[in-house]
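K.L.:
Under the numbering used here, think of the first position of the sequence shown as 1, with each following residue one higher.
Hints in this document: simulated from the structure, not taken from any laboratory.
Predicted model, so just to flag it, every value in this text is computed and none were measured.
There may be inaccurate statements among the hints.
[Said to hold, decoys possible] When the alpha-carbon atoms are kept at most 20 Å apart in a straight line, the in silico DMTMM-like pairs for lysine to aspartate or glutamate are as follows:
#	residue 1	residue 2
1	Lys155	Glu131
2	Lys2	Glu45
3	Lys2	Asp22
4	Lys155	Glu137
5	Lys155	Glu45
6	Lys155	Asp114
[What the hints assert, rightly or not] Across the chosen pairs, the derived CB separations fall in these ranges:
#	residue 1	residue 2	range
7	Gln142	Thr10	29 to 39 Å
8	Glu124	Asp5	34 to 44 Å
9	Glu131	Gly77	34 to 44 Å
10	Ser122	Ser4	15 to 25 Å
11	Asp70	Arg141	19 to 29 Å
12	Thr143	Ser111	32 to 42 Å
13	Glu57	Val156	13 to 23 Å
14	Gln72	Gln142	18 to 28 Å
15	Asp78	Thr10	32 to 42 Å
16	Ser3	Gly73	46 to 56 Å
17	Arg76	Gln24	40 to 50 Å
The beta carbon of each residue, even a glycine, is placed where N, CA and C say it ideally should be.
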Amino acid sequence: GKSSDRIRITNLESGQPVAQIDGQPGPVISISHSGGRAIALASTEGPVGIDLEQVVERHHAFEQDWFSSDEQGTLRGDALQLTIAWSAKEAVLKALGAGMALNPRQIEVQSIVDGRVAVRLSGEVAQRESEIGGALEVTVRQTDAGVICEARVRKVA
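Could you put the whole structure together from the sequences, leaning on the hints where they help?
P.N.:
Structure (structure tokens):
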């Protein structure tokens, strides 16, 4: 409901985008781009992260570097599953306000079923989620642009 000249997007030192409307804090936002396309997500209900990834075949070393042996067993080198899992990790890190400053290996993708991605957090990533509070939800959908993962931290009443 505001004209674009009243909205300003800046970045924190961490790279996290921040919205201001008329000089006041705006909604929490997350931005991603891939393959010449971009997507953004805004929320007034708590931290969010979004990631857009094109589905591509990846070298086996990528899987070994970024995924646990349990994840590798689940993903089985499938390009779509690997892309969803990687995108989910990036969306979670963005929702936690840290981006790649935290270790994506501390997010373990346990399952991808019916548009939901179940993750288990450990180490600094789990600590960051605990500090924020709330319940982490990760969803995925496919479009002609690729895979879109959203992570939301919903406040628990």
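K.L.:
All hints, please: hold or fail.
P.N.:
Hint check:
1. Lys155 - Glu131: holds (12 Å)
2. Lys2 - Glu45: holds (19 Å)
3. Lys2 - Asp22: holds (9 Å)
4. Lys155 - Glu137: Answer holds: Lys155 to Glu137 is near 11 Å, not above 20 Å.
5. Lys155 - Glu45: Holds, at roughly 8 Å.
6. Lys155 - Asp114: Between Lys155 and Asp114 the Cα gap is close to 23 Å, so the pair fails against 20 Å, i.e. violated.
7. Gln142 - Thr10: 29 to 39 Å: holds (32 Å)
8. Glu124 - Asp5: 34 to 44 Å: holds (39 Å)
9. Glu131 - Gly77: 34 to 44 Å: For Gly77 against Glu131, whose Cβ atoms are near 35 Å apart, the range 34 to 44 Å holds.
10. Ser122 - Ser4: 15 to 25 Å: For Ser4 against Ser122, whose Cβ atoms are near 41 Å apart, the range 15 to 25 Å is violated.
11. Asp70 - Arg141: 19 to 29 Å: Check passed, 25 Å falls within 19 to 29 Å.
12. Thr143 - Ser111: 32 to 42 Å: Distance hint for Thr143, Ser111 is violated at roughly 22 Å.
13. Glu57 - Val156: 13 to 23 Å: Roughly 40 Å apart at Cβ, these two residues miss the hinted range, so it is violated.
14. Gln72 - Gln142: 18 to 28 Å: holds (22 Å)
15. Asp78 - Thr10: 32 to 42 Å: Distance hint for Asp78, Thr10 holds at roughly 39 Å.
16. Ser3 - Gly73: 46 to 56 Å: holds (51 Å)
17. Arg76 - Gln24: 40 to 50 Å: Between Arg76 and Gln24, where Cβ atoms are some 48 Å apart, the hint holds.
Checked against the numbered hints given earlier, the structure breaks hints 6, 10, 12, 13 and satisfies all the rest.
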